[in-house]
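All chains should be built: construct the whole structure from the sequences, respecting the hints.
Counting along the sequence shown from 1, when you hit position 531 you're at 578 in the working numbering, and nothing is skipped either side.
To be clear, the hints were calculated from the coordinates, so they are not data collected in a lab.
Careful: at least some of the hints might be erroneous.
Listed next, the in silico DSSO-like pairs over lysine-lysine satisfying Cα-Cα at most 30 Å (straight line) [said to hold, decoys possible]:
#1 Lys483 x Lys452
#2 Lys241 x Lys265
#3 Lys207 x Lys171
#4 Lys680 x Lys637
Just so it is clear, the structure is predicted and the values come from calculations on it, not from any experiment.
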Amino acid sequence: MTDCKRIVSKLSGKDIDTLREAAYEAGEQGCVEAVPQLARLLASESLGVQEAADMALRRIGGKEVVGAVLPLLRSDDAPVRNLSMDILRQVGGDDFSSLVGLLHDPDPDIRIFGSDILGSTNNKLAVAPLCDALLKDPEVNVRYQAAVSLGELGHPSAAKCLGKAMEDDEWVQFAVIEALAKIRDASSVNPLVKALDKSSDLVASMIVEALGEIGNIKAVAMLIRRMDASPAVLRNKIVKAVLHILGGKSLTLLPAKDRGKFRDYLLAALSDDDPEIQDAAIRGLMFMGDDTASGEILHLAAGMDPDADSERLEAAVSALAAIGLTDSLTEGLSHAEPAGRRIAVTALARIGGEKVSQLLIAAYPEADAEQRRDIVSALLTVAGPEAKEFFLDLLDQAGDDAVLKAALFYLGRTMHASEAGERIFALLADPRDDIKEAALEACTALGGEELNSRFLTLADDADPVNRLMAVYALGKIGLPGNLARIDKALHDPVPDIRKIALEAAADACDEERNGLEMIVSRMDDEAADVRRTVVELLGRCPLGRGVPYLLRALADPDDWVRVRAVEALGTLRAAEAVLRLIPLLHDPSKLVSLKTVEALGDIGGESAFRALLDALGNEDPEFQAAAEEAIAKIQDRQGDR
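Written out as structure tokens, the structure reads:
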């Protein structure tokens, strides 16, 4: 109490800093006796004092604050009025009866303010006085604000009086419709639908949108019955509202007479200027579309921006695919616009089947370069054996890289067309690197004795690129005799070939063969890149077979070899590596030491934990943070955190 008296005394002064500090203290202490002076300070010319008084009044709250701030609603200073309204929106409910009293003030502005503030009270008791104001106040702006506030409160009990207010001026009707849409009560539907026939086009449009947002299914039949008599713009909005309420799939459950009409309305809605209505029509036609719908959707989608309208475009393609194989979609393969042709190809690919495959193949000769790429890409998704001859022919049409690579993928990986082996192998001599790579992958997918024999011969070629491809293929084909030739490649003068040979040997690491021994044989390779590959492969050997050799790699002169060895041991959680790893916490390479911290955290155990605790003494903040994280990881596994 003594503090509050002191604060009240300070609030009587004129020093800005003192006033601001006193206002803050009044809020902190909850000094009710300071409320009158705090309310006075809302009109201060100092923004800092004003803000401090504002915060204090909100914190104190109660009837005293409401009583002190209410008179400020009559201030000639607009910022003061606005500030007082904002405070009352937050604390006005503490003196509810005083707020209700504002609705009976002779000044219409005060009644508007009161209606506004009551909408923020979240009090069901505000519904009745606001309804009274909505239906009886002579001032249209008061009635408008009462409707807005009833929408803010969102209580279903307001729906009845809001429905009655649909007889009011159009300005009030706008607020009433928005309020009913927010309340979303079933009782809102009937008055809104009844008002459709006697409303202006603008109000009717808002009513339909509100019914869609309310989402009550009983509005559907009423809306559909009004479609015939509605102007086109309103009818399109009804389409959107019905789609919002029912969803597309449920349209198929409409009575047959309504279903046919509604399909026509959906088609008409595709021509609306509003993209949202167009999208609703597309969603509906996805489930009840026909050939005509397919053509209209394709026409609309062809004009969409692939970047700005990507989601809309995707919805259109999905609808076309759902409608199925129609004449209009087939004709889309020769659409006047490139975008239309691409959409048709994409939709057909989703439909799939042999017939689609044949249609795409038939369209290929007349297609331009871009569409040809789209067609072969689609065929990779849908084509079966029926496309084999088509793709075999493409091997001789090497003008387009994308088309040729698609043919190689289909013949090699999809169909394993062994009859194409010789022609595909010949493409390994192609000067284009991406074609070489695609041909190599196709050859490895085909496999077989004949191609394997060709690669064994190619492995002795003078050209290093040919040797590299051959070693790679021999590893992938994996015939029993290939390992000996791969072993020979481990001694090739070209480091990249030795690395590829190591990758091939790694596939034998888990078998009863000498794959592991072949990998280990290059641990002392003169090329650091090769040694790094050795270490990475040892880390992938199953059952921890590579651990003894990874320990040896910790002494490699190359930092990156040591890093990869440390990482592999951590991933394997090799407990036997801990004592060998601990000295690397002091490795000259910071990267090696940081990776060692991580590995010790992954492996865990008493020795690793102690070493990491000691590592916290390192002066490097990054090192300390890594050690803390590693320790936390061990604690988490132990259940200590």
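The hints, checked one at a time:
1. Lys483 x Lys452: holds (9 Å)
2. Lys241 x Lys265: holds (13 Å)
3. Lys207 x Lys171: holds (14 Å)
4. Lys680 x Lys637: holds (21 Å)
The structure meets every hint from the earlier list without exception.
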